[in-house]
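Student: Chain by chain, the residues:
There are 2 protein chains.
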Amino acid sequence: MPTRRQLADALRVLSMDAIEKAKSGHPGAPLGMADMAEALWRHGFRHNPNNPQWIDRDRFVLSNGHASMLLYALLHLTGYALSIQDIRDFRQLGSKTPGHPEFGVTPGVDATTGPLGQGLAMACGMALAERLLANTFNRPDFPLIDHYTYCFCGDGCLMEGVTQEACSLAGTWRLGKLIVYYDANGISIDGKIDAWFTEDTTKRFEAMQWQVIGPIDGHNPEALDAALLAAKKDTQRPSLIVCQTHIGFGSNKEDSETSHGAPLGEESIALAKAQYGWEDPPFVIPASIQEAWDAKEAGATLEKAWNELFARYSQAYPDSAKELTRRMRGDLPETFDECCQHLLTTMLAKTDSLATRKHSQACLEAFTACMPELIGGSADLSGSVGTMTRHTETFDPVQGHGNYLYYGVREFGMSCIMNGLALHKGFIPYAGTFLSFADQAKNALRLAAMMQTHCIWVFTHDSIGVGEDGPTHQPIEQIASLRIIPGMEVWRPCDGPETALAWQCALTHTGPTSLILSRQGLPALPRDPETTAHIAKGGYILRDCQGDPQLLLIATGSEVALALEAADVLAKEGILVRVVSMPCVERFEKQNSAWRDFVLPPSVRARVAIEAGSPSYWYRYVGLDGAILGMDTFGCSGKAKDLRKHFGFTVDHVVSEALALLR
Amino acid sequence: MPTRRQLADALRVLSMDAIEKAKSGHPGAPLGMADMAEALWRHGFRHNPNNPQWIDRDRFVLSNGHASMLLYALLHLTGYALSIQDIRDFRQLGSKTPGHPEFGVTPGVDATTGPLGQGLAMACGMALAERLLANTFNRPDFPLIDHYTYCFCGDGCLMEGVTQEACSLAGTWRLGKLIVYYDANGISIDGKIDAWFTEDTTKRFEAMQWQVIGPIDGHNPEALDAALLAAKKDTQRPSLIVCQTHIGFGSNKEDSETSHGAPLGEESIALAKAQYGWEDPPFVIPASIQEAWDAKEAGATLEKAWNELFARYSQAYPDSAKELTRRMRGDLPETFDECCQHLLTTMLAKTDSLATRKHSQACLEAFTACMPELIGGSADLSGSVGTMTRHTETFDPVQGHGNYLYYGVREFGMSCIMNGLALHKGFIPYAGTFLSFADQAKNALRLAAMMQTHCIWVFTHDSIGVGEDGPTHQPIEQIASLRIIPGMEVWRPCDGPETALAWQCALTHTGPTSLILSRQGLPALPRDPETTAHIAKGGYILRDCQGDPQLLLIATGSEVALALEAADVLAKEGILVRVVSMPCVERFEKQNSAWRDFVLPPSVRARVAIEAGSPSYWYRYVGLDGAILGMDTFGCSGKAKDLRKHFGFTVDHVVSEALALLR
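So the protein sequences, as listed, match chains A and B.
Quick note: to get our numbering, add 162 to the position in the first sequence (first position is 1).
Quick note: to get our numbering, add 162 to the position in the second sequence (first position is 1).
Next comes chain A alone, as it looks inside the complex (with noise of 0.2 Å):
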């Protein structure tokens, strides 16, 4: 029997071989945390290789992401399926074994990591999306949903202040199953950290109701034993276990961050094994070894009795059962349907002046009395973003329930939370803040589309509408900043049937959305049936000529209404005029040219697009022969009206704009 430490050895040389032939990589990191991961992955991690979807499998997620390799020799080791060929194309196009981990690419992947601090973020979410669950489902004698989220980061992901964001409510929240490991090498890609990173750790994670264990010896085994049974004890808290390690561990370049971003070198490489005693050529583990890491029939055991305990459970509770079983695979409820028929119709009813994050919330209210896994919340903006409906109930943190989160003044905090609820499974997240302040949570986002977690943000206050806040408040280039996030869907819905459909989409789109929403009240629009039945295609015709238009007037959102009013004066002048609304422009790309060519006739080149933020992405449907009514300045602190006159924002504007370009 191999001793634990040549266990570790195995994932070290594994990562040093892989490293060194794709001559790119991290080695440092997964040399320093080998003895941690085989204190975890061997003893007390529940996992079946087998299937990396079984649902109560613990959750683990490496927030340095750049240590993938040690992840990736985990996987391969206990027997997922990615075989020493993927290990060999480490950082290969097109390989399951990039740079770093991506959810979705490598089975037993939990989440795409690589921003520091990011990943113990989703981490908490993750655990406090078990903690629901188990409160939820779990029954006297069925502890259905019941495993640990663990998660191993390092300084760097400590330095950065998403963590803190997150640690805070972790610890307020009380997600006693939340066991992170903290590799504290005193290493950053500086050098030392003592000159940049001088914080007394443990004490801050005291100071936000964190079990703190060690430090510890990160290399000793019957230690990081301990510290994991200590951590289990403590179901109150989350637990920081503090792994003193050494970055590069057994190699010349131990205790240096020379050791960090780059393949070590053959010669150092040899110098390490011979320093581990190990004699296999790259890429070879011996059979014992091969065989101790191996957890494909343990796994398959502890399955199978999950398994059991679940044919028990639908038997008992055969409702339960189902719903779980839904939840889990992410089907909308049966009444899905109906509820959005009914939504609709209420929306086209109305005919008093709404701001659309009123609407929105008419929209939450209808889904959350009818989704369950809907789990809201706000950057302690509640009230204003209207996230909270009659069937939202504050989670409580003693008795582990409830569907609504204040996140306090943590945007960014948040959005990752939302992300490791949503990678969990079982839940769809939303929550709301102001949408300039989507800029703080902007990189969650960006790996929320990258990883296309089922997330919705709402964000509203969209524009100088915001009136008197002023500039700091107001967003200009936001909307086009999230438009141009690859696969993350943005609404701007212009009225209530708008912001239905935007709702609509947005539950049943599997990935990301952004709603963005009005503060201020804008009009009920005059629809018929077809205008309402084409909003789902993203951009359509609002409004039409007789016979084919001279001018196009493209506009989203609060604009819609003056293009409106715009059109309605040009057409008493004579001109033939065609009204867009274009709510998504993602989904209006998605369609066929025929659709697309239909909406916005490719002769026909007068056009206006309208839009009270940045004009930049516009001219993708204006041309060089049309017009931008947006803003390329920063807005003013005001009353919205005279800021929608000072920049613009008026019938008279867009009419001697459309009449220039027929000029």
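Please note that the accuracy of each hint is not assured.
Which copy? The list can't say, so a pair holds if one copy fits it or any two copies do.
[Unchecked claim] Within a straight-line C-alpha distance of at most 25 Å, the following computed DMTMM-like cross-link-like pairs (lysine to aspartate or glutamate) qualify:
hint	residue 1	residue 2
1	Lys394	Asp362
2	Lys807	Asp794
3	Lys699	Asp362
4	Lys458	Glu182
5	Lys185	Asp804
6	Lys354	Asp558
7	Lys354	Asp481
8	Lys587	Glu465
9	Lys801	Glu428
10	Lys354	Asp814
11	Lys354	Glu555
12	Lys801	Glu429
13	Lys365	Asp396
14	Lys807	Asp251
15	Lys466	Asp481
Honestly, the hints are just simulated from the structure, not real lab data.
Based on the hints, put chain B in the right spot on chain A.
Tutor: Leaving out everything else, chain B in the frame of chain A:
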């Protein structure tokens, strides 16, 4: 003589009245912090209302910027050029009293605040600036630079992760003259914070090497005076004074979130004024209170004494006096032009393939040699982003000198600190990270653009050229996202001379600049004096054809060489092709239409834009009839050359797209 409470009440009534008149604003915080403000501004704050630019004034940052009326009341009452009419015009378009404090709009406002947490982070930068300048310019008996940086912040600021990032550095850097008043009122917008902010703040800040004073009664002037003394006494650690206050103090909405973000209403105001014993009509301040607040004379005396000190200093150390004046004015050194000339000559002589990040480092070698106002740094990527030079010296927290900052993995905190350094004056901060992590700093870049701070961001690893690190590290939408921030200049140079000009423009431009630089080597391009002379125009003809072009190829950075190669092939096929390099769109857009039409003749519609990033931005130049070679998906992990081929950045692809347009 009015009591101190009455003096504080003057701030309260002005705040209430102005907010009521505007029918918009945040009364809760001004009412809660008025006693803190009275204590600081009348018992310790060294400033001169006659001259808000006095370089040795204490700095004041209102991090919870929604309390703007408190600051405006302070500025008005102490004697800044802010009249009672300005107060009456609170939150009106064009007024000097916008909804949140805006640097450059209101005399005496040292920073634009509103997005929570960033004010505190900027204050850290200001305090660092003071310490560095003092170290450089003070002489025995000449404490020329000797002021405090004060900051008021609220619960929301401390929830935002950016304060963890910046305050951690402030502790590490021993910024003993940074004094932060924490308005611990226990309420944020969603209500009592117990449910989402359970941190032990004292412990957290002690963990970051801060002195924590209190909690004290934030309405007790004597306690506040004692706290300020204690804060000043500790010269080695920044101080956090925890002030327990009542939001909406003295009103019937005291201790309730309902006082936070909406006018109190006439009835509540009447009740509050009765409670205060305040009998004057709105906007009327009794003469005795006016007089007690007036700091003009005291301020003039303070500055006069300092001016005398400076006069003596100028005699004793004429060169240092001149240099300090130059730096505080933001004037360039006399050797600047020579340095630029020499640098450009060197760049033109280079023939090797080199990454623009390496060219950038060469530029910094030159400029850090002659510009002591440059203060560099990196978010833990110093080697990769090339921000250290032979002339940089790491900041020493004990001695207080140096011109290079190890920010750790804290992009957002770094960027706020850069803003603070620039706002203080005396420095041009530059710092680097990978472009994909610009996301984390986004809102600080936005504030930089809004305030027009003279900061330079060095963003390297600017595309799929990153290679193996994969999509999390490969920017796609980031370049376009930066370009659409109003007032931000974005340079993406293609070779050494363009990099030199980019740096030169960044240093002469008075607002913020983002430099977008390649990880990978780029060939030295053939140049003549004309093309070099045109770089500063932002967009210019790098290679032309004989006669009028049929086709325009527009490219930036790493894609310019590709455009040239493709142009060779096209020229061989008899196509009249022009290659336009567009390193800085913002500069190009500032040229007159004659130049723009000369470079991009409106009649030539066969246009191909090439940039390994979001295509979205380029429609403005190719319109509906052109083509864009960009990326509208995320990248992949793989060798850079494989990725460039995979994503179509090849000569063949450019040629085929171009030919398709001409068909």
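Student: When no copy is named, should lysine 354 and glutamate 555 be tagged within, between, both, or neither for a Cα gap of at most 25 Å?
Tutor: For lysine 354 and glutamate 555, the Cα distance is within 25 Å only across copies (16 Å; inside one copy 47 Å).
Student: Check lysine 807 against aspartate 251 for me: Cα-Cα at most 25 Å, and say if that holds within a copy, between copies, both or neither.
Tutor: Between. Shortest inter-copy distance 18 Å satisfies the 25 Å Cα cut-off; intra-copy 59 Å does not.
Student: For lysine 587 vs glutamate 465, is the C-alpha pair at or below 25 Å within one copy, between two copies, both, or neither?
Tutor: Classified as within; 18 Å inside a copy, 63 Å across copies.
Student: At most 25 Å between alpha carbons: which applies to lysine 801 and glutamate 429, within, between, both or neither?
Tutor: between (69 Å within a copy, 24 Å between copies)
Student: Give the relationship of lysine 354 and aspartate 814 under a CA distance limit of 25 Å: within one copy only, between copies only, both, or neither.
Tutor: neither (63 Å within a copy, 47 Å between copies)
Student: If the cutoff is 25 Å on CA atoms, where do lysine 365 and aspartate 396 land: within, between, both or neither? Let me know, please.
Tutor: Classified as both: same-chain Cα gap 18 Å, cross-chain 21 Å, threshold 25 Å.
Student: Have a look at lysine 699 and aspartate 362 and pick one of within, between, both or neither, based on CA distance no larger than 25 Å.
Tutor: Intra 54 Å, inter 50 Å, cutoff 25 Å: neither.
Student: At most 25 Å between CA atoms: does that hold for lysine 354 and aspartate 481 within a copy, between copies, both, or neither?
Tutor: neither (56 Å within a copy, 38 Å between copies)
Student: Between lysine 801 and glutamate 428, at a C-alpha cutoff of 25 Å, which is it: within one copy, between copies, both, or neither?
Tutor: Between copies only: 20 Å across chains, 68 Å inside a chain, cut-off 25 Å.
Student: Between lysine 185 and aspartate 804, at a C-alpha cutoff of 25 Å, which is it: within one copy, between copies, both, or neither?
Tutor: Classified as between; 15 Å across copies, 60 Å inside a copy.
Student: Quick one: lysine 466 to aspartate 481, C-alpha cut-off 25 Å, is that within a copy, between copies, both, or neither?
Tutor: Close inside one copy (22 Å), not across copies (81 Å); limit 25 Å.
Student: With identical chains, the pair lysine 458 and glutamate 182 could be close in the same copy or across copies; at 25 Å between alpha carbons, which is it: within, between, both, or neither?
Tutor: Neither: 29 Å inside a chain and 69 Å across chains, both beyond 25 Å.
Hints 3, 4, 7, 10, counting from the list given before, are not met by this structure.
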